[in-house]
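Asker: So the chains spell out like this:
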Amino acid sequence: MDEAAFLARFRRDGAPAPHPGRFAGHAWEASWEGFARVLAGVGGSLADAAQEPRAAVQAAIDLAGGRVVAAPAAGERLAAAGVSGWEPAGNGAPGRFADVQLGILWAELAVAENAALLFTAESLPERSLAFLAERLLVLVPAGALVGGMAEGVARAPRHGHHHTWMSGPSKTADIEQTLVIGAHGAKALVVVRW
Amino acid sequence: MSSPPRIPAFHRDAGRFLADDARVGWHDQALWHLRAKRDKAAAATPDWEALRDHAAALKAHVLDQLPELWTRFSANARAAGWTVHFAADAAEMRATVHGLLTAAGVRRVVKSKSMLSEECGLNPHLEAHGFEVVDTDLGERIVQLRHEPPSHIVVPAIHLKRAEVGELFHRELGTPAGLDDPTALAHAARADLRRRFLAAEAGITGVNIAVAETGAMVVCTNEGNADLGTALPPLHIAVVGAEKVVPTLDDAGVLLRLLARSATGQPITSYTTHLAGPDPRRPGHACHLVVVDNGRSRLAADEHHRRALSCIRCGACLNTCPVYRRASGHAYGTVIPGPIGAVLAPAMIGTAAARALPFASSLCGSCTQVCPVRIDLHDQLLAWRRQLADEGLVPLSKRLAMRAGAWFLAHPRLFAAGGWLGRRLGFLARLPIPGPHRLWLRHRGMPDLPADSFRAQWKNRHG
Amino acid sequence: MDVALFVPCYVDQLYPRAGLAAAEVLEGCGCRVSFDARQTCCGQPMANCGCASDAARLARRHLDLFRGKVTVSPSGSCVGMVRGHYQELGLILDDEDRRTIANTFELCEFLVLKMGVERVAARFPHKVSVQRSCHGLRELGLGTPSERTDGRGPSPAERLLAGVDGLTLLVPERADECCGFGGTFAVTEDEVSARMGRDRCAAHAATGAEFITGSDWSCGMHLDGIRRKQGAGPPFIHVAEILASR
Ligand code: SF4
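For the protein sequence lines, the chains are A, B and C, in the order given.
Its first residue numbered 1, the first sequence is counted upward by one per residue in the working numbering.
Its first residue numbered 1, the second sequence is counted upward by one per residue in the working numbering.
Its first residue numbered 1, the third sequence is counted upward by one per residue in the working numbering.
Since the hints were made in silico from the structure, they are not lab data.
Take the hints with a grain of salt, since some may be wrong.
Have a look at the derived ranges for each label pair, beta carbon to beta carbon [to be verified]:
no.: 1; chain 1: B; residue 1: Glu127; chain 2: A; residue 2: Arg37; range: 26 to 34 Å
no.: 2; chain 1: A; residue 1: Glu29; chain 2: B; residue 2: Arg16; range: 46 to 54 Å
no.: 3; chain 1: B; residue 1: Gly284; chain 2: A; residue 2: Asp99; range: 44 to 52 Å
no.: 4; chain 1: B; residue 1: Pro46; chain 2: C; residue 2: Glu27; range: 29 to 37 Å
no.: 5; chain 1: C; residue 1: Asp64; chain 2: B; residue 2: Thr71; range: 50 to 58 Å
no.: 6; chain 1: B; residue 1: His437; chain 2: C; residue 2: Glu27; range: 44 to 52 Å
No farther apart than 35 Å at their CA atoms in a straight line, the calculated lysine-lysine pairs in the DSBU-like style are these [what the hints assert, rightly or not]:
no.: 7; chain 1: C; residue 1: Lys114; chain 2: B; residue 2: Lys459
no.: 8; chain 1: B; residue 1: Lys459; chain 2: C; residue 2: Lys229
no.: 9; chain 1: B; residue 1: Lys161; chain 2: C; residue 2: Lys229
no.: 10; chain 1: B; residue 1: Lys161; chain 2: C; residue 2: Lys114
no.: 11; chain 1: B; residue 1: Lys398; chain 2: C; residue 2: Lys229
no.: 12; chain 1: B; residue 1: Lys398; chain 2: C; residue 2: Lys69
no.: 13; chain 1: B; residue 1: Lys459; chain 2: C; residue 2: Lys69
no.: 14; chain 1: C; residue 1: Lys229; chain 2: C; residue 2: Lys127
no.: 15; chain 1: C; residue 1: Lys127; chain 2: C; residue 2: Lys114
no.: 16; chain 1: B; residue 1: Lys37; chain 2: A; residue 2: Lys187
no.: 17; chain 1: C; residue 1: Lys114; chain 2: C; residue 2: Lys69
no.: 18; chain 1: B; residue 1: Lys40; chain 2: C; residue 2: Lys69
no.: 19; chain 1: B; residue 1: Lys459; chain 2: B; residue 2: Lys398
no.: 20; chain 1: B; residue 1: Lys40; chain 2: B; residue 2: Lys161
no.: 21; chain 1: A; residue 1: Lys187; chain 2: B; residue 2: Lys398
no.: 22; chain 1: C; residue 1: Lys69; chain 2: B; residue 2: Lys37
no.: 23; chain 1: B; residue 1: Lys161; chain 2: B; residue 2: Lys37
Computed from a predicted structure; not experimentally measured.
Don't be surprised by glycine CBs; every beta carbon is placed ideally from N, CA and C.
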């Protein structure tokens with residue numbers, strides 16, 4: 001159907017109800033303890049701050065038991081830190097990550113309210129890696145935590161092809177309301193402050 | 001071709017489900033569990049009620065501004081590379097999607113959850129034309145393999161027990177006989193669907209929110225199936241109801257804070273993805289968005305009921321509804337069951353076809369209290385009842401009884417005398433005379449009838 | 001204070017004790033209670049069936065009878081009808097009608113919120129489980145519905161019950177789930193209604209209560225009917241009857 005004719009069906013006379021403006025709600029505390037608590041509640045985990053991040057990542061790679069692929073933004077950091085045992089995402093068909101055991105991603109932002117991590121077209125140009133890898137290791141800059149989702153969304157990109165908020169691993173409760181981790185995407189998600 | 005819409009027969013179909021006592025208890029408990037999780041999540045959100053107020057106001061604004069918002073959306077979406085289509089009704093939506101798949105030479109399609117595609121009968125249509133359409137949400141996959149509709153808008157297979165899923169997967173996916181562990185079953189489905197994702201030539205998704213400011217669509221899942229279905233195949237077709245647009249990304253953020261908490265008690269879905277057209281890194285990647293009316297403009301013009309278009313499909317009103325929990329979704333006979341389904345049905349499939357549904361409620365009001373966008377669901381049901389009565393669609397016996405009752409009750413002496421007689425002849429109710437009292441007494445014992453009414457006793461005391 | 005008692009039609013004919021108890025409690029709190037025997041029904045059954053003009057006929061009668069009065073009723077549901085739904089029936093309402101509507105109260109609501117009563121002198125040495133009837137709770141806003149996070153505290157009825165000598169107040173699992181009565185719903189969707197009622201009876205019984213109480217005999221009629229059919233479980237007693245017990 002023609003757009004104008006379609007839209008005409010919804011046209012209304014009179015003044016519209018006003019837009020309620022920006023929502024000024026609760027000021028959530030930007031605390032990693034809070035983030036860790038919510039993340040554990042959605043099936044993920046936050047690596048202990050006491051552990052040196054480089055060593056934590058290297059240990060995870062050594063235990064991966066298969067292919068380890070890092071998204072570009074994560075790869076840059078790993079290379080600079082001298083972490084080994086991973087390959088860069090490179091270019092090619094999106095299905096090429098189907099046998100990846102561990103995907104290493106770089107998140108731009110973390111939200112304490114809901115344990116959501118932000119990935120954009122910059123940090124994660126190839127989305128399929130995040131959903132095909134068996135497990136995910138997510139590096140987040142320690143200073144990139146905000147309190148509430150409203151603040152998180154305010155900082156999300158308005159341009160660029162995609163962005164994803166990820167809160168914990170993939171899950172389903174479609175069979176008898178029993179929680180199963182790893183419905184389609186990652187079966188585990190560990191966050192490391194970098 | 002798609003099957004003709006069913007005429008809901010709530011009483012019959014609810015009765016069928018209610019015949020299995022144990023299943024009803026279990027179904028009720030499983031859904032109550034979701035409600036309890038929602039309560040916990042709401043209580044842990046200090047600005048919850050203010051958030052609901054804000055969302056309700058936002059949705060009211062949106063409903064008044066749909067043409068403006070879609071104009072803005074399509075300009076930005078086209079700039080992002082989407083091809084935007086507009087479909088007046090289900091047939092046009094099916095034809096549009098069908099045409100796009102044919103033009104691209106596609107046969108194998110993966111689909112993530114979209115109540116709109118259910119509403120438009122997209123799957124049966126495409127299957128009848130030789131496409132392989134695989135639902136990839138686990139619950140949807142289960143009901144697809146069983147050739148039945150979803151019974152819930154968020155947890156489509158909630159009416160089934162693990163053993164039934166085990167049997168189904170044994171038959172369809174070759175899992176070991178007797179296997180009924182949910183984790184093992186879900187992982188068997190994962191393995192099967194993973195192959196299909198990798199082989200698919202197109203992905204169809206629904207849309208949770210369209211953002212006018214960015215020309216992007218937002219899709220929310222816990223499984224990650226919408227992400228795989230859009231990240232892998234070279235063609236993406238998104239279908240969206242005309243009510244789903246919001247002005248800005250911040251507005252979308254408000255709804256995101258409410259949606260998963262209301263649905264499952266999660267603070268946000270596992271995956272919340274914004275997609276703005278084709279991926280510039282993927283040569284040949286094509287993205288289409290089909291905006292669908294199919295009765296929405298009619299509802300939007302109905303002053304009494306347009307608020308129902310604010311629905312964000314969280315399912316909270318289903319989970320809390322004591323009638324839904326005991327009758328199950330299939331009893332409603334509509335694509336969307338439960339309180340919101342009963343409110344939408346008369347507008348979408350017509351008052352005559354849907355006339356039983358507004359009465360399938362005790363009007364307890366829990367749905368209204370739970371709705372994240374504050375739709376006055378139980379008052380909407382009551383308003384539909386009035387409209388049905390006006391249109392002569394309430395059974396004649398009921399209308400006559402109400403007319404006679406009102407006349408009788410407008411005459412206090414008659415009322416007093418009738419009551420006096422009734423209390424003395426009440427024992428006759430036990431006789432097998434047909435009438436509504438039989439339905440009452442089928443399930444309930446007779447009260448002890450007092451000798452004197454209040455009015456008589458009051459008169460004795462006060463003269 | 002002068003109070004006009006509004007006794008719902010089915011209470012008048014089937015559960016007169018609740019009406020007498022309500023009058024007694026009001027008088028005990030210093031009210032002068034009158035009862036106009038021309039009253040019958042608020043029109044709720046018709047309104048709930050969508051038969052607005054039939055309901056309007058009774059609503060008009062009701063408003064004319066109670067015009068200018070402070071009206072109190074031992075039923076949250078019927079008060080909910082007057083306060084929440086009289087404006088939906090196509091009636092022409094003048095200012096006095098609107099005042100009459102606003103001056104219609106559920107018994108405990110009136111005692112606690114209008115008269116400032118905190119305790120009534122009553123004794124009822126029993127364990128009692130409350131049925132938080134939907135219309136009082138969610139339509140009149142008496143108490144805090146379990147769906148909400150902005151607590152308004154316990155309902156006036158529960159506040160008064162908590163002060164009754166010897167009474168142990170119990171709340172069943174799913175604190176405020178509907179009993180399943182729903183007016184004509186109880187017969188048109190009898191299977192669902194009865195299942196809801198059985199589940200509710202079981203939840204009340206599981207508290208170990210000797211009685212179920214509530215502000216509406218309509219829920220009571222249904223729950224008590226289920227109990228009679230099952231031959232076991234706590235019987236229903238109206239809040240007013242407890243508050244009038246010595
Ligand atoms: S009507 Fe409200 S509670 Fe029901 S599904 Fe829609 S948004 Fe959720």
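Asker: Decide, hint by hint, whether the structure agrees.
Answerer: Structure-based check of each hint:
no.	hint	result
1	Glu127/B - Arg37/A: 26 to 34 Å	violated, 46 Å
2	Glu29/A - Arg16/B: 46 to 54 Å	holds, 51 Å
3	Gly284/B - Asp99/A: 44 to 52 Å	violated, 24 Å
4	Pro46/B - Glu27/C: 29 to 37 Å	violated, 45 Å
5	Asp64/C - Thr71/B: 50 to 58 Å	holds, 53 Å
6	His437/B - Glu27/C: 44 to 52 Å	violated, 36 Å
7	Lys114/C - Lys459/B	holds, 28 Å
8	Lys459/B - Lys229/C	holds, 34 Å
9	Lys161/B - Lys229/C	holds, 31 Å
10	Lys161/B - Lys114/C	violated, 52 Å
11	Lys398/B - Lys229/C	holds, 26 Å
12	Lys398/B - Lys69/C	holds, 33 Å
13	Lys459/B - Lys69/C	holds, 20 Å
14	Lys229/C - Lys127/C	holds, 22 Å
15	Lys127/C - Lys114/C	holds, 28 Å
16	Lys37/B - Lys187/A	holds, 23 Å
17	Lys114/C - Lys69/C	holds, 14 Å
18	Lys40/B - Lys69/C	violated, 43 Å
19	Lys459/B - Lys398/B	holds, 34 Å
20	Lys40/B - Lys161/B	holds, 26 Å
21	Lys187/A - Lys398/B	violated, 56 Å
22	Lys69/C - Lys37/B	violated, 45 Å
23	Lys161/B - Lys37/B	holds, 20 Å
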